[in-house]
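A.B. asks: Fit chain B with the ligands to the known structure of chain A by using the hints.
The chain contents come next:
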Amino acid sequence: MAIPDEEFLLKTTSACAGCPSSLILRYVTKAAGADTVLVIPACCTSVIQGVYPTTAMNIPVYNVAFASAAAVASGMSEAFRAEGRKTNVICYAGDGGTIDIGIQALSGALERGTDFLYICYDNEAYSNTGMQRSGATPLGAMTTTTPGGKKDHKKDLDAIVAAHNPVYQATACAAYPQDLYNKVEKALSIPGPKFMHILAPCPPGWRFPSEKTIEMGKLAVKTGLWVLYEREGGKLTITGASKAAMKKRIPVEDYLSVQGRFRKITAEETAEVQKTVEDMIARLQREADGIC
Amino acid sequence: MLTFGTGNKAVAMAARDAKPVVVAAYPITPQTEIVEEIANFVTDGTLAARYIPVESEHSSMAACIGAAATGVRTFTATSSHGLVYMCEMLHMSAGARLPIVMANANRALGPGWNIGAEHSDSMSMRDTGWLQVYVSTVQEAYDATMMAFRIAEHTDVLLPVMINLDGFLLTHITQTFETVEPDDFIPPTATPHAIDIKNPGGYGTLTPGNVHFKFRYDIERGMRASIPVIEETEAEFARRFGREYHLYEEYRCEDAEVVIIAMGTLGKEMEVAVDILRDEGVAAGAVRMRWFRPFIVPDLDGKDVVVIDREYSFGYGGILAGELQAKSGCRPFSVIAGLGGQEVTYDDIAEFVRIRRPGTEHWFGVDD
Ligand SMILES: Cc1ncc(C[n+]2csc(CCOP(=O)(O)OP(=O)(O)O)c2C)c(N)n1
Ligand code: SF4
Ligand SMILES: [Mg+2]
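The listed protein sequences derive, respectively, from chains A and B. Under our numbering, the first residue of the first sequence is numbered 1, with each subsequent residue one higher. Under our numbering, the first residue of the second sequence is numbered 1001, with each subsequent residue one higher.
If we strip away everything but chain B, and leave its shape as in the complex, we get:
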């Protein structure tokens, strides 16, 4: 059904259509609209879920863990301080192999208080064992949320999935989008290790060093297995609903000599920058990284690479640039831009390409 609304609304509607049994909710800007919309769906009966209005984000993830442990579908949403406040529980949920789905509205961390878009929140949770996908349009927010349930619950994966959407730049902009009737696109939840009263025993008991690493390695196996599951899910989604997605999206890359790489809404903005540069005769292309965990590296051989990071790892550098460099051997021009909602236009992005110096770092607004 064609409709229109914000990124937040699209996420809420996708969660509604995926029919979770338990939703835990705690408000934080700019995500709040998601849990408010779901409260409306539960109240008016369009979603037959248990809605748990918890008292903190630590508890929202805890409640999702308790529910998912029984083998039911669960959903929650958060942002920024809420996400880092639940850090412990992110590790617990992934480690317990619970297919929880959560939307995160990417927002800066204080101090000072800033509610603008930034990826520092989700990036600082990158090693928790959660899959992370970054979206760029309202339609993609809907579609990625829908697909997240199928991917998380796939028995080869059984890991939680975080859908990341830029605060305000996507959570609060209105676009038309199409909802779908998932039917059996998302099979019934069948968590093999769901609590079974007839099969008593301990979950998460003391686990000594001679076996602990096996469980950790098993998380990595799930992460690696998620790559074909994501590809197969995206292909099936395209077959059924007509919209195509890939692990990363390439734009005019075939003959490109320089590629710009970014995630989230900047990943759309840079397509316009590529067009401008092409008009100037520069063979530019763009790669929008969608999945950050698992991390899949595009082929960057022989190309100049400009990476835009909307976060920073203090004492190290831009996180996406660093990971791409480590995995592909490229020497990126690492641009730090868009922190806390700092405005970055397509003209700015085109300029990053013009001034690029491979192997160096450029803080937009600082190094001018």
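For reference, chain A alone in the conformation it holds in the complex:
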């Protein structure tokens, strides 16, 4: 599907150089089109839009409290549908606003069958407040609240969401915009609760040079640490670059060693990360093959 030229995220954002969140948002809004309202909790994207009275957004954006995005979207979607309007309601939230403080509202909105698309862009930390750990921060990563490296694993958000049986669920990555675009477009064509989890390699948070955002996203997919897929009607399909990665992967060291945040990761932890990848790949392959 051809990506349209029309821009809804204008050139005046206050994002960092190499920002993945604004990159993702750009493709999300292109796929969604003009009849869309974004609901955005406190996160980097609250800042990226710019400062009142200006805005970099060319569609209506409703900025809401940190824990409340999915619940606000529930109310908004019901109100639009009650009035016979088809307007897309899209939550665009960070990992902290999704996996930690917002998970209750997300769970409720999914369970209630809210007609909306919830997008979690995952930069694996609380970036807005200066890179503290979140439930999405991976094992071994340094953040300002895990200065010695995180000792716990990343929370399996996708498994939690899958347990709600949304009508459509997908992963994507900032480094693969066409795959991302296709998935947003498809999600919005289906009524009901949809969910997308999008990896967002963040230069200041992950400590890599700002021109390497795309490279970092590609490494995540090629190591198998991040798998691109979609799940619809209970059927899982591996998509895009992950098809090759399911068969042959590069070692996780190639990804970990180029990011400053993993400077303190131990050899045991690296082995554990590698094992986590192999287990996840095997599990997803079984599901894709219909053996589960």
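Read the hints as simulated data drawn from the structure, not as lab findings. Errors might be hidden in some of the hints.
[Claimed, not checked] Once the Cα atoms are required to be at most 20 Å apart in a straight line, the calculated DMTMM-like pairs of lysine to aspartate or glutamate come out as:
no.: 1; chain 1: A; residue 1: K30; chain 2: B; residue 2: D1196
no.: 2; chain 1: B; residue 1: K1327; chain 2: B; residue 2: D1275
no.: 3; chain 1: B; residue 1: K1198; chain 2: A; residue 2: D35
no.: 4; chain 1: A; residue 1: K222; chain 2: A; residue 2: E253
no.: 5; chain 1: B; residue 1: K1198; chain 2: A; residue 2: E7
no.: 6; chain 1: B; residue 1: K1198; chain 2: A; residue 2: E83
[What the hints assert, rightly or not] Pulled from the structure, derived: some chain A residues nowhere near chain B, Cβ distances all over 10 Å:
no.: 7; residue: A17
no.: 8; residue: K30
no.: 9; residue: R81
no.: 10; residue: R112
no.: 11; residue: L139
no.: 12; residue: T145
no.: 13; residue: G148
no.: 14; residue: K154
no.: 15; residue: G192
no.: 16; residue: E272
no.: 17; residue: Q274
no.: 18; residue: V277
no.: 19; residue: I281
no.: 20; residue: A288
[What the hints assert, rightly or not] Anything over 10 Å on all C-beta distances counts as not near chain B; from chain A, calculated:
no.: 21; residue: R26
no.: 22; residue: D35
no.: 23; residue: V51
no.: 24; residue: N58
no.: 25; residue: E78
no.: 26; residue: A162
no.: 27; residue: I190
no.: 28; residue: F208
no.: 29; residue: K218
no.: 30; residue: Q285
no.: 31; residue: G290
Note that the Cβ used here is the ideal one computed from N, Cα and C, for glycine as well.
C.D. replies: Leaving out everything else, chain B with the ligands in the frame of chain A:
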């Protein structure tokens, strides 16, 4: 139509008759009956609203915000821990100038668990920018809820309204009351800043210190503008439906030398106390404060004042007494009574008047 039922039922029926488009619901004693009744109305088709059974009170207010942002009428109800749990969203809804209407069944806060009447829940939300009205009868619960929609949605106001009714003492007592057909008493919702796809832009974007205060001041302008809107709404209600309400209700105050002031159901109880005192030759009167936000001070010049607070601000004092003192210069005898449903009779209230010592505080049941 004349009917009978509890305070909760009256609120639910008023909400039904005001025809909200979206209702968010989460149960908590002693409010639960309100959202259950509305579920029945939606199920049997007497109310054509979207009913959102949210997973928490934070989300019930969030859902109301999302719905009201599109310009539709919204309603919810809560109490006690539910109200304070949604505190953040109360600030967000008032700040976003959304005319949401909510009933709050006044109830104590834990620990320990206590489901009795107390005003600590709503009073601790007094600075959120919500209008607050306190009612004393089942009929008033119905009427105030009906009027709340017109007041909140008035374009001079555009602030949310909380109708407060004492837990159990009003939510669960049964009285006869009359429902009305509001017709155009509540004009169609016309939120000027409702989301408009043809007019894209940001709501609630980063707002720096050189403009933020203008939005805060604007909330206060809405609050001040609400006073004539409330008066006009109450006058119009009286004209159409025959029942009169005022910002505060005075009882035998004309020649009174001492006035008792309270809110909610105590405000009715004290009328009997006034009669008893009058029989004893004491020139007593009573003022029942209905609207706490906006705060309108009655004329208390030259009178002894006894204020009963069904809450307390720790480290300060009774909240109503403190506010009346600050705004009117009176020196109230401040009585703290009725917390957590503590029984307070009209005889007790008469006794507060007899033992009054202006400028001091009296905890009923403690300072005996
Ligand atoms: C109730 C509440 N607690 C804390 C905050 C402060 N806060 C704002 S954004 C944020 C972190 C957001 O992290 P995430 O959701 O991952 O988005 P990101 O900033 O990484 O884009 C925090 C902690 C808040 N706004 N509200
Ligand atoms: S911290 Fe990361 S996600 Fe946030 S604006 Fe900067 S680059 Fe984007
Ligand atoms: Mg984040």
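A.B. asks: Does each hint fit the structure? Answer for all of them.
C.D. replies: Now for the hints, and whether the structure bears them out:
no. : hint              : in the structure
1   : A/K30 / B/D1196   : holds (19 Å)
2   : B/K1327 / B/D1275 : violated (28 Å)
3   : B/K1198 / A/D35   : holds (9 Å)
4   : A/K222 / A/E253   : holds (12 Å)
5   : B/K1198 / A/E7    : holds (15 Å)
6   : B/K1198 / A/E83   : holds (17 Å)
7   : A17               : holds (19 Å)
8   : K30               : holds (14 Å)
9   : R81               : violated (7 Å)
10  : R112              : violated (7 Å)
11  : L139              : holds (30 Å)
12  : T145              : holds (23 Å)
13  : G148              : holds (33 Å)
14  : K154              : holds (24 Å)
15  : G192              : holds (15 Å)
16  : E272              : holds (34 Å)
17  : Q274              : holds (38 Å)
18  : V277              : holds (34 Å)
19  : I281              : holds (34 Å)
20  : A288              : holds (32 Å)
21  : R26               : holds (15 Å)
22  : D35               : violated (6 Å)
23  : V51               : violated (5 Å)
24  : N58               : violated (5 Å)
25  : E78               : violated (4 Å)
26  : A162              : holds (19 Å)
27  : I190              : holds (20 Å)
28  : F208              : holds (27 Å)
29  : K218              : holds (32 Å)
30  : Q285              : holds (34 Å)
31  : G290              : holds (33 Å)
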